[in-house]
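Participant: With chain L held as given, fit chain A onto it using these hints.
Chains L and A supply the protein sequences, listed in that same order.
Per the working numbering, residue 1 is the first one in the first sequence, and the count goes up by one each step.
Per the working numbering, residue 1001 is the first one in the second sequence, and the count goes up by one each step.
Hints listed in this document are in silico derivations from the structure and should not be mistaken for laboratory results.
Source: prediction; values computed, not measured.
Don't take each hint at face value.
List of simulated lysine to any residue pairs, SDA-like, C-alpha gap at most 20 Å [said to hold, decoys possible]:
1) A:1039 to A:1069
2) L:33 to A:1095
3) L:42 to A:1090
4) L:33 to L:18
5) L:20 to A:1107
6) L:112 to A:1103
7) A:1057 to A:1024
8) L:42 to A:1102
9) L:42 to A:1095
10) L:112 to A:1097
11) L:42 to A:1091
12) L:42 to A:1098
13) L:42 to L:68
14) A:1057 to A:1075
15) L:33 to A:1096
16) L:42 to A:1088
17) L:33 to L:51
18) L:42 to A:1097
19) L:42 to A:1099
20) A:1057 to A:1013
Non-contacting residues of chain L with respect to chain A, defined by C-beta distances greater than 10 Å in every case (computed) [said to hold, decoys possible]:
21) 45
22) 58
23) 60
24) 67
25) 74
26) 80
27) 86
28) 94
29) 95
30) 97
31) 111
We treat Cβ as the ideally placed atom computed from N, Cα and C, and that holds for glycine.
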Amino acid sequence: MKERSVTHATFVIERSYRAKPERVFAAFSDPAKKRRWFTSDKEFQPETFAMDFRVGGRERSSFQTQGATCTNDTVYLDIVTNRRIVIAYTMTLGHHRFSSSHATTELVPSPKGTDLIFTEQAAFFEGADGPQIREEGWRKLLDNLEKTFAH
Amino acid sequence: MLSQQVHVDRVFHALGDPTRRAMIEKLSKGPITVSRLAKPLDITLAAVVQHLQILEKSGLVRSEKVGRVRTCRIEAKGFSVVERWIADRRSLWEARFDRLGELLAEPD
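So that you can see chain L by itself, here it is in the shape it has in the complex (with noise of 0.2 Å):
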């Protein structure tokens, strides 16, 4: 398979919250609220996080993975209390910027309490492994399988 350079992709994440709006969007806009589901310690050691919640505003968080520092640069492009937040973010490992995405969470209230609808359009650049990715070992095999298969 030919590798292109970039490569686009859209994903919808559905959730629904046992609480108001106000209450999951106040997760979104606090930065103590927000740190706490944003990272993780368990899977990452995270080192930085820093918020400015407002249209314009930046947000940067850094983690360490494998070895590598992750960092992810995220701008607010809207800002609709208790309703929408949109912004665009990238992130890199270690110098290397691997992806561009634009991501929208619209807050809408339900019966049971919340329901939070994410769409992300993705743009991965070449070298887009992340730090996920970073054992050849298995990902040989499955191009190998791949090529086998291949008609």
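Facilitator: Frame of chain L; chain A shown alone:
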């Protein structure tokens, strides 16, 4: 990350069984119904279905049922690097929204 490891583990588990490898080899020649897949393997249909579930979970095989007939095929996407990137990014956010759910479940 955790979800990536789960993905890798699932693929290795899927490929670690000779019957499943035989099934993948058969499927590489083209889509086939489950009953026709079972025939040369000389095992029960129930056993084939179990193997199939493991293969589908690993993302290597896809199946669909039309009427009473289930047809399987190789899921080329399962092997694609691009799909893994997308799956990883999606998994990253899925984990975040899981944690958000836990946070919201706590009394404020």
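Participant: Each of the hints needs a verdict: does it hold here or not?
Facilitator: Consistency of the hints with the structure:
At roughly 15 Å between alpha-carbon atoms, residue 1039 of chain A and residue 1069 of chain A fall within 20 Å of each other, so this suggested pair holds. Using a Cα cut-off of 20 Å, the hinted pair residue 33 of chain L and residue 1095 of chain A holds, with the two alpha carbons roughly 16 Å apart. Using a Cα cut-off of 20 Å, the hinted pair residue 42 of chain L and residue 1090 of chain A holds, with the two alpha carbons roughly 18 Å apart. Between the alpha carbons of residue 33 of chain L and residue 18 of chain L the distance comes to roughly 17 Å, so the proposed pair stays at or under 20 Å and holds.
A distance of roughly 13 Å separates the Cα atoms of residue 20 of chain L and residue 1107 of chain A; the hinted pair therefore holds under the 20 Å criterion. With a C-alpha separation of about 17 Å, the suggested pairing of residue 112 of chain L with residue 1103 of chain A holds against the 20 Å cut-off. A C-alpha spacing of about 14 Å is found between residue 1057 of chain A and residue 1024 of chain A, which places the hinted pair at or below 20 Å, so the restraint holds. Only pairs whose Cα atoms come within 20 Å are accepted, and residue 42 of chain L paired with residue 1102 of chain A is accepted, the gap being roughly 15 Å.
Taking the CA atoms of residue 42 of chain L and residue 1095 of chain A, the gap is about 11 Å. The hint holds against a cut of 20 Å. Distance hint between residue 112 of chain L and residue 1097 of chain A is fulfilled; the C-alpha atoms sit about 17 Å from each other, no more than 20 Å. A threshold of 20 Å between alpha carbons decides the hint, and for residue 42 of chain L with residue 1091 of chain A the separation of about 15 Å falls inside it, so the pair holds. Note on residue 42 of chain L and residue 1098 of chain A: the hinted pairing holds, with a Cα-Cα distance of about 13 Å set against a maximum of 20 Å.
In summary, the hint linking residue 42 of chain L to residue 68 of chain L is supported, as the alpha carbons are separated by about 17 Å, within the 20 Å threshold. A hinted pair counts as satisfied when its Cα atoms are at most 20 Å apart, and residue 1057 of chain A with residue 1075 of chain A qualifies at roughly 11 Å. Distance restraint check for residue 33 of chain L and residue 1096 of chain A: the Cα-Cα separation of roughly 12 Å lies within the 20 Å cut-off, and the hinted pair is therefore satisfied. For a cut-off of 20 Å, the pair hint linking residue 42 of chain L to residue 1088 of chain A stands: about 17 Å separates their Cα positions.
Taking the CA atoms of residue 33 of chain L and residue 51 of chain L, the gap is near 12 Å; set against the 20 Å cutoff, the hint holds. The suggested pairing of residue 42 of chain L with residue 1097 of chain A holds, with an alpha-carbon distance near 15 Å, which does not exceed 20 Å. Pair hint residue 42 of chain L plus residue 1099 of chain A holds up; C-alpha atoms about 11 Å apart against a cutoff of 20 Å. The straight-line distance between the Cα atoms of residue 1057 of chain A and residue 1013 of chain A is roughly 10 Å, inside the 20 Å bound, and the hint therefore holds.
Against chain A, the non-interface label of residue 45 of chain L holds: every CB pair exceeds 10 Å, the least being about 12 Å. Interface exclusion of residue 58 of chain L from chain A stands, the closest Cβ pair being 19 Å apart, more than 10 Å. Every Cβ of chain A is farther than 10 Å from the Cβ of residue 60 of chain L; the closest lies at roughly 16 Å, confirming the non-interface assignment. Listed as a non-interface residue, residue 67 of chain L keeps its Cβ farther than 10 Å from every Cβ of chain A; the least gap is roughly 14 Å.
Every CB of chain A lies more than 10 Å from the CB of residue 74 of chain L, the least distance being 13 Å, so the non-interface label holds. No beta-carbon of chain A comes within 10 Å of the beta-carbon of residue 80 of chain L; the shortest separation is about 19 Å. Every CB of chain A lies more than 10 Å from the CB of residue 86 of chain L, the least distance being 15 Å, so the non-interface label holds. Every CB of chain A lies more than 10 Å from the CB of residue 94 of chain L, the least distance being 17 Å, so the non-interface label holds.
Separation of residue 95 of chain L from chain A is adequate, the least Cβ-Cβ distance of about 19 Å exceeding the 10 Å criterion. With a least beta-carbon separation of about 14 Å from chain A, residue 97 of chain L lies farther than 10 Å from that chain, consistent with its non-interface assignment. For residue 111 of chain L, the condition that its CB be more than 10 Å from all CB atoms of chain A holds, with the nearest at approximately 16 Å.
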